[in-house]
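Visitor: Residue numbers (the numbering used here), protein chains in the order written: chain A, 1 to 938; chain B, 1001 to 1250; chain C, 2001 to 2290.
Calculated from the structure, these hints are not laboratory results. Not one of these hints is a red herring.
Taking lysine to any residue and the SDA-like style, the derived pairs with C-alpha atoms no more than 25 angstroms apart in a straight line are: (1) C/2289 x B/1203; (2) A/812 x C/2278; (3) A/695 x A/361; (4) C/2202 x A/807; (5) A/502 x A/97; (6) A/11 x B/1162; (7) A/812 x C/2191; (8) B/1237 x A/265; (9) B/1245 x A/308; (10) B/1245 x A/298; (11) A/344 x B/1227; (12) A/865 x C/2214; (13) A/300 x B/1232; (14) A/930 x B/1051; (15) A/35 x B/1157; (16) A/5 x B/1139; (17) B/1249 x A/243; (18) A/52 x B/1158; (19) A/35 x A/69; (20) A/296 x A/275; (21) B/1245 x A/324; (22) A/938 x A/8; (23) A/5 x B/1160; (24) A/938 x B/1157; (25) A/804 x A/820; (26) C/2289 x A/811; (27) A/38 x B/1047; (28) B/1245 x A/358; (29) A/445 x A/98; (30) C/2202 x B/1220; (31) C/2202 x A/805; (32) A/938 x B/1148.
All values reported here derive from a predicted model rather than from experimental measurement.
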Amino acid sequence: MNQPKIDLSPKVSDEIRKTTCYMCACRCGINVHMKEGKVAYIEGNRDHPVNKGVLCAKGSAGIMQVNAPSRLQAPMKRVGPRGSGEFETISWDEALQLATDWLEPIRNENPEKLAFFTGRDQSQSFTSFWAQNFGTPNYAAHGGFCSVNMAAAGIYTMGGAFWEFGQPDWDYTKLFMLFGVAEDHDSNPIKMGIGKIKARGARVIGVNPIRTGYNAVADDWVGITPGTDGLFILAMVHCLMKAGKIDLNYLAQYTNAPVLVNSDEKSPEFGLLMRDEDGKELVIDRVTGKLTPFDKPGVKPDLSATHRIAGVTHRPVFHMMAERYLEDEYAPEAVADRCGIPAKRIRAIAAELARVAFEESFELDQEWTDFRGEHHKTMTGRPVSFHAMRGISAHANGFQTCRALHVLQILLGTVEVPGGFRFKPPYPKPATAHPKPHVGVTPGKPLDGPHLGFVHGPDDLALKADGTAARIDKAFTWENPMSSHGLMHMVISNAHAGDPYKIDTLFMYMANMSWNSSMNTRGVIEMLTDKNEETGEYVIPHIIYSDAYSSEMVAYADLIFPDATYLERHDCISLLDRPICEADAAADAIRWPVIEPDRDVRGFQSVLCELGAKLNLPAFVNEDGSQKYADYGDYIVNHIRKPGIGPLAGFRGKDGDQVGRGDANPDQLDKYIENGGFFVEHIEKGANYYKPWNKAYQDWAVGMGLYDTPQPYLFNLYVEPMRKFQLAAEGHGDRQPPDHLRERIKEKMDPLPIWYSNEEENKGDEYPITALTQRPMAMYHSWGSQNAWLRQLHGHNPLYIPTKLMQIHGLKDEDWVTVTSPHGAITVPILEMAALNENTIWTWNAIGKRKGAWALEEDAPEVTKGFLLNHLIHELLPPKGDGLRWANSDPITGQAAWFDLKVKIEKADPPAESQPVLPAIKSPVPKAPKDLAWKVGK
Amino acid sequence: MTTLPQLTQKKLGLVIDLDTCVGCHACVISCKGWNTENYGAPLSDQNAYGADNSGTFLNRVHSFEVQPTGDDAAAQLIHFPKSCLHCEDAPCVTVCPTGASYKREEDGIVLVNEQDCIGCGLCAWACPYGARELDAAEGVMKKCTLCVDRIYNENLEEVDRVPTCVRTCPSGARHFGDLGDENSDVSKLVAERGGMDLMPEQGTKPVNKYLPPRPKDALPEFDILAPFLEPVAQEAKGFLGWLDKTLEKL
Amino acid sequence: MHPAPSVIVFTTFSGLGFGLMFWLGIDPTPPTGWVAFVFWLIAYVMGVGGLLASTFHLGRPERAIKAFSQWRSSWLSREGIAAVATLVVMALYGLGLVFFGSAWQPLGWLGAIGALATVFTTSMIYAQMKTIPRWNTKLTPAMFLSLSLAGGALLKGNVTMAVVLLAIAGVIQVVTWVQGDQAFANSGTTMATATGLGDIGKVRAFEPPHTGTNYLMREFIHVIGRKHSQKLRIISVLLAVVIPVILLLLPIGHWIALVAVISHIAGVLASRWLFFAEAEHVVGLYYGKR
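Looking at chain A on its own, in the form it has when it is part of the complex (with noise of 0.2 angstroms):
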């Protein structure tokens, strides 16, 4: 035998560049590796604290990212009509001028002209801050349409959320349950957790309409009736709280549970929480059976004692919860059918978690402090986790459906414990701790703070002195009181019809609003293209877009700045804003240019430091006036946010060796750069759970800079600040609803969780079927199809039918359907699923893609048989008669509802591609080639 010889230990590079990855929302830390100063292969960089190694699929094919042909060259000018795709090429000084000409007089005049929205911008903090400089009102990333309820309900129920914010204590936790998580956030920390805890012989429970991903490897499959999770959840918390199966000592120590409430209907302060002078919540003391602020030292809080004074019953937040959730209407028996779950089925989940909960607890061999300075030798375990993400949290009921969720959790005393959920630096961060809406308005002047915030009654709503929205979106009004991110899905619609008022420019960022990241995406593409008759001008005046990629948006602008890919530019990933952390640390990360472009093009941050300088822009230039920050990786370095804290924790001060606080240090990023990309800033044991009511992470939080005091706090089961709006509509108060929205802000804005439906208001009965949308793994909103490695993978994207609905229609595989709503219709290719639920049928979300956008042949299956579901969503809901036309979305918080979209659907005749067909746009960038065989090295 001669086995030929090969090269067993062939060089893998000539160097690792060490960055962080922007595949998706992510964040993985990953090793470049270069040869030749190409790009040669790219991993998951082990020492990373979010990926350890690990890297998804879209991770690795970043290769084909950063080669796409689909890459903008150069500053453009629109030449044709908006949407035709006409552009010249122009200099970034002329890009830069014809910005400036637009937005120097707006600012001058009325800075409100301005509309600022950045889509999957991960420099929030820095988009902000730019924003609030120019002075506009109008600023907002794309949170409103994505994860604003869940955002929103875990900071005022909990001080922090799901998503990236928190994670399940994979290390101890037995039984996690999962209520629509999406793929595309998170992911990889996911995939590795639930690795771990099924190699440990954890149960996981998958609650989600279909079973794919994290519900196909689910030890149980819960396929549920999209909308009804919050129905379930309380029927849990029904069963829970009847068989005694919470946590007392939890709810009466951590909680507002024992917070006493006025309960006298005729007071206008019903409903609201007594506090003492100091404004802290009143409790009665076990010991002393006397009313006593929550934070005393030594106060034993009693959950069932009430309180009457001056003639008014005031009675523990538990008594109203018992009252409420004991009733049989959220018995499992009622809710089986809306839910689609057996009632037997729902107490036997209840019962396991009860069973895990209070049978499998275990103590940690940890001393801790709380913050009534009461020490505990152990801290007691509850090995039951939950996650939840979009799939709970883009219904109109979404809000009310994610309190539900997090009261669960409290109730069985699993929140930032062992075993149970944790929070992730900078939270715990009570609703309270967060900056409130800003919208004063000056011309030539910076706005008078922070955009988005956390309202905590009618006082702190975005409303001008004539009672209209200040804000083009309408967030913080009547209509969504709690619109912590503002609703960029309303933006083009509002501008459009010039209510609340017009704007001049509408300047984007990464937001692909003329096809995938709108509701509606024809009728936006009209009001983009919609010119006034009398004048001839384009409704909407000026269009300034940024995106690195030949999106399909980037036909309806004006002016394009081309952004610089992920492995060209410099980021940060910063505490300030989205951070890394984990449980057990905080951390925060950069990307620097690991290549630099080819192209005439600059990432979009740097670009905003000219422009800043350009319009003198206050904090964007020097006493004078000469620009101040060379570029983003200056400002990453040299920005002071507050005294001694700047976007990155690390390496801080002259010598680099300060944490959190401390001087900027020009070596920073060099710093950065040699520890992979990333830092790392561990949590103390003992100080890392309990955070909240832990003395010791308090004061850790406090040295890192994520507060300036320490800010121990209650959950709050009952959400005051929603009875606040309450009062208000039952005619308390100066600032008063509109009369249409009284009913509905008396009954969705309840202090405790409640569910309702939000079939009628989608015509369910006559469109019996929802419809729902899924990210696949491997791909991040529309950006996929532009990579040759993953197109393949998801070229296009069938309608899931379930085995019932295709037998009913006499569907095989393959044949087309018409999909219907109320708004529109759609005609698709379909492919039956067994493992859905029997009423749910769904696809891929962001495959379909436009004749002519990311550098794609016109024959391409993206195009010919990729479809949106986006044109059948509206982002107003059908007429229902009363003259007025109702939003879409979460009457709390305006989050776009679109898995609300209630369907039917007919077999087709097959179509020669999926419908409608929109024309095509000239595409902005040179053809593609035909085959690729991308070997970097000799």
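Let chain A serve as the given structure and place chains B and C on it in line with the hints.
Guide: Only chains B and C this time, still in chain A's reference frame:
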């Protein structure tokens, strides 16, 4: 070389856990990346940005739905990664007319010597698993090398000397080791979890094993769990009475 | 399997060519001179042409020479060696007949054995494939050999032999089809064994690994309608066997013989198209298709 070695010193292979594979395709693309840049010709793509796009991949993730018998049992979805199984009795090797296909004596890895491959495709015909793909640009047969240029590579840290698909797998569903050594971690895993062969009737004796999914939807019936939900009282009032009593004990 | 024209042409014509050589080799009173030249020309055009056609499906035809090395294990390698050896031996034999008018008979016999061996090794390339149950049977070499011998006899003009052998080949062909229709089911390979998931319940292919196509699907998955294939089978037997036999039973003439040969070739081509198109590779199970 086309004849198979009588015995290989090791049986290196993969153990794939169908219980935890979430179907994310991480292994697919990581493999594509490493093997485009490394061993032999790059894995090419045709019509990369157009219609009928296709390319060479050494590892692909299928998915299957399984409908358990039994009333009302929910269908299950199983993600199923598949690459070369490095069979002991590899039919792809013996059919090769040029000797390009061979099984390494030292570790049992089945490889293609691309300089000798004439691209006749017969080895792909002989493989029941679809583990071999003829590269359309290069005209030679490509297949999983078990990252033979990683697992012994002295330019890599010890911990990284595993196939790239194993290194990258987020859910830990892929394990690499010597299946010829019954004391290896992978052999123990196979023994413990009932690892299985694909198409055993084909007689290929695959080295790679698959761990079957654990039983699903097997939460005990409520009757067994009922004691955990025994009501403390039927009404809210009674509940508050229970609360008072319980609180006294705290 | 993908019915690639190159392999259909290859197996059809090399079978006929080597079949003819077999009859030429064992002919105790072989033709000589110009007549021999025509016979040998036909045999070589078919045999060599078929072999050349087969190289069209190679990814790297320029390296084809390497295919002679693995005779110990590879049927394809053996086929190559058998074919070349036969062609060399028969070239000498033919040389003798055409140019020297003398039959070096032992070479003829040797060549005849070689011709049979070539057809047999060709058939074994397919018959050895456990992955393709329809081919994985002794009927495959029987079918290849019988058609080759019958076609050879027809070309050689051995009328009686041709009639008998065509009839035999026809019977074997029909039996091959009938048995072949059961082969996949009888092979024991199913989606349950392919996935190992059969213990849980009924397995169904859901999403393919990639939405687009790939080499495996192009090469191994070819779906033809049952009605379509039944029609083709009838046409194939009519053309390859029935019509030539009827024509041979008519008073023989050159033109009639030519029609019989053309009919036979067309029939064998159809049979070979079916041979590939109807063959189902077990890998199709992973794609839910066969």
